[in-house]
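Asks: Use these hints to put chain B onto chain A, whose structure you have.
Below are the chains, spelled out letter by letter.
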Amino acid sequence: MIMNELSSSAIESPAFVELRDVSLSYGEDADSILALDNLSLTVGKGQFIAVVGPSGCGKSTLMKVVTGLVLPSRGTVKVGGEAVTGPIKNVGMAFQNATLLPWRTIRDNVLLPFEIIRPHRHKLRAERTYYVGLVQRLLITVGLAGFSEKYSWQLSGGMQQRANLCRAIVHQPSLLMLDEPFASLDAFTREELWFVMQQLWMDRKFTAILVTHDLREAVLLADRVIVFSQRPGRIVYETDVVLPRPRTLETTYLPLFTDLVHDLREKIRPGPPS
Amino acid sequence: MLIVWELVCRLFHIREFILPAPSVIAKSLVEFRRPILEHSWWTLVTTLFGFALAIVGGVLLGVALGFSTLVYRGLYPLLVGFNAIPKVALVPILVLWFGIGAVPVVVTSFIISFFPIVVNVATGIATMEPELADVLRSLGASKLDVLRKAGLPRAMPYLFASLKIAITLAFVGSVLAETIGGNAGLGFLMVTAAARFDVALVFAGLIAVAVMAVGLFVICVLVERRMVRWAFRGELVM
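Chains as they are written, first to last, in our numbering: chain A, 3 to 276; chain B, 2 to 239.
Here chain A stands alone, though its shape is the one from the complex:
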């Protein structure tokens, strides 16, 4: 039942992120490197997409193109129906490196988006208790209840990454971009955080694009997994993940799960030696 609901929503939901024939090259004429090649991709509203591929395949470039931090050389990018012409607003981003501000407590780190986004930045001073309350509740849901007054460097890598996720979603972004956020964590912490992430997504239903090297992570979290080729990045394969949610550690031992991971692994081949 959950399965049906999910698969139908994945198909019918309106497009939120739309890339059409997007190419991007870095550098000038002769020295230019083609990072993305004629990429077309649609992500439905509220969908969770994972992008996997060999290293240097332009996955991180994709992140920048979608968020408008880099403009494509050719093609169009639309987010929420509007063409992207510069850095788009109301996005959350989290990277492998937690990049928390070491001079701020965890609470103040998570509060940071409100200091920047309009109209919050003008209301923050007057309604500080409200915003702090929002932050505290979010910290509790990710298991950081007792850490809000600590500094980031007093926390373990896993804890820092939890705070990083909080900072990325505290302002209720409609789009969350995750660039290997769990890559530098140990295997157990990483699995723990998958479920934290899943819970956050199920509660809030934002659209999410996750770039990762970890196929199990991709299958566990995503509705759809996209495989990129060696540079220049192209989509060589994509598959829907029709597994019921919430997915648990048990899910990762189901035959359907392992088949999917196996299948994806087959599609990722190292490029020709160059």
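If you are wondering where the hints come from, they were derived from the structure by calculation, not from laboratory data. The structure presented is a predicted model; accordingly, all values stated were derived computationally and were not measured. Hints are supplied without guarantee of correctness; some may be wrong.
[Unchecked claim] Dumping the calculated DSS-like pairs for lysine-lysine here, alpha-carbon to alpha-carbon at most 25 Å:
| hint | chain 1 | residue 1 | chain 2 | residue 2 |
| --- | --- | --- | --- | --- |
| 1 | A | Lys91 | A | Lys207 |
| 2 | B | Lys144 | A | Lys80 |
| 3 | B | Lys88 | B | Lys165 |
| 4 | A | Lys47 | A | Lys207 |
| 5 | B | Lys150 | A | Lys152 |
| 6 | A | Lys91 | B | Lys150 |
| 7 | A | Lys91 | A | Lys47 |
| 8 | A | Lys80 | A | Lys47 |
| 9 | A | Lys91 | A | Lys80 |
| 10 | A | Lys125 | A | Lys91 |
| 11 | A | Lys91 | B | Lys144 |
| 12 | B | Lys144 | A | Lys125 |
| 13 | A | Lys80 | A | Lys207 |
| 14 | B | Lys150 | A | Lys125 |
Replies: Using the frame of chain A, we list chain B on its own:
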């Protein structure tokens, strides 16, 4: 060490105008305490003036350098070239321009302590993690927001580290300028004393400079500890 010094002076009968014994220096310190204090005060004031100018100018230019690649490319080579000039060579020019007195002293103290501040502040801002800038920009932050929320606080430990170097240099600059183009201050006092072969007074002046320089260094360290405690990750180091 002082005892060895004292003994060496006495045993080998070293003459006072070559190397005075610590006891002689101490006597001189007490005897001339009034002029030493007056000249120390003068040196302290001019040094702090130059140092304050260096902080203001250094932070402003450092922020501009760290903030804009254009400014960086245009000004950095110039700065490096300027810094390579021995400052002693500049003092006569400054005296020519501003006359004997406080101005060349303040200016020398400023230009000598200015450079480390600029470089450190610029480095602090320019080495911001690109991911952090991306996170902020994707929230709709302007370049100014990025500077305010991340760049400046990030540069603070660099600034305070540079202040510790700069304050010592500021003293070097002011005393140096006083010896060449001053009419007051410890440098002036020492040159005058040296001209009279009163080497004990020269050493007394040196001690006064050292005491002030160390004192201000310690103040810089204390301010640093207070302001950027986070940068030490809980472990305090000098």
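Asks: Has the given pair, Lys125(A) with Lys91(A), been kept, meaning a C-alpha gap of at most 25 Å?
Replies: holds, 18 Å
Asks: For a C-alpha distance cap of 25 Å, please report whether Lys91(A) and Lys47(A) respect it.
Replies: holds, 16 Å
Asks: Given the hint that Lys80(A) pairs with Lys47(A), test it: the Cα-Cα distance must not exceed 25 Å.
Replies: holds, 12 Å
Asks: Is the hinted pair Lys150(B) and Lys125(A) satisfied, with a Cα-Cα distance of at most 25 Å?
Replies: holds, 17 Å
Asks: Verify the proposed pairing of Lys144(B) with Lys125(A), using a straight-line Cα cut of 25 Å.
Replies: Holds, at roughly 21 Å.
Asks: Checking one constraint from the list: CA of Lys88(B) to CA of Lys165(B), max 25 Å. Satisfied?
Replies: holds, 19 Å
Asks: Can the restraint linking Lys47(A) and Lys207(A) be considered satisfied, given a maximum Cα separation of 25 Å?
Replies: Holds - the C-alpha atoms of Lys207(A) and Lys47(A) are around 9 Å apart, at most 25 Å.
Asks: Next pair to validate is Lys80(A) with Lys207(A); report whether the Cα-Cα distance is within 25 Å.
Replies: holds, 19 Å
Asks: Does the structure keep Lys144(B) and Lys80(A) at a Cα separation of 25 Å or less?
Replies: With Cα atoms ~24 Å apart, Lys144(B) and Lys80(A) stay inside 25 Å; holds.
Asks: Could you grab the alpha-carbon distance between Lys91(A) and Lys207(A) and see if it respects the 25 Å cut-off?
Replies: Holds - the C-alpha atoms of Lys207(A) and Lys91(A) are around 18 Å apart, at most 25 Å.
Asks: For Lys150(B) and Lys152(A), compute the direct alpha-carbon distance and say whether it is at most 25 Å.
Replies: holds, 19 Å
Asks: Do the alpha carbons of Lys91(A) and Lys144(B) lie within 25 Å of each other, as the hint requires?
Replies: holds, 15 Å
Checked against the numbered hints given earlier, the structure satisfies every one of them.
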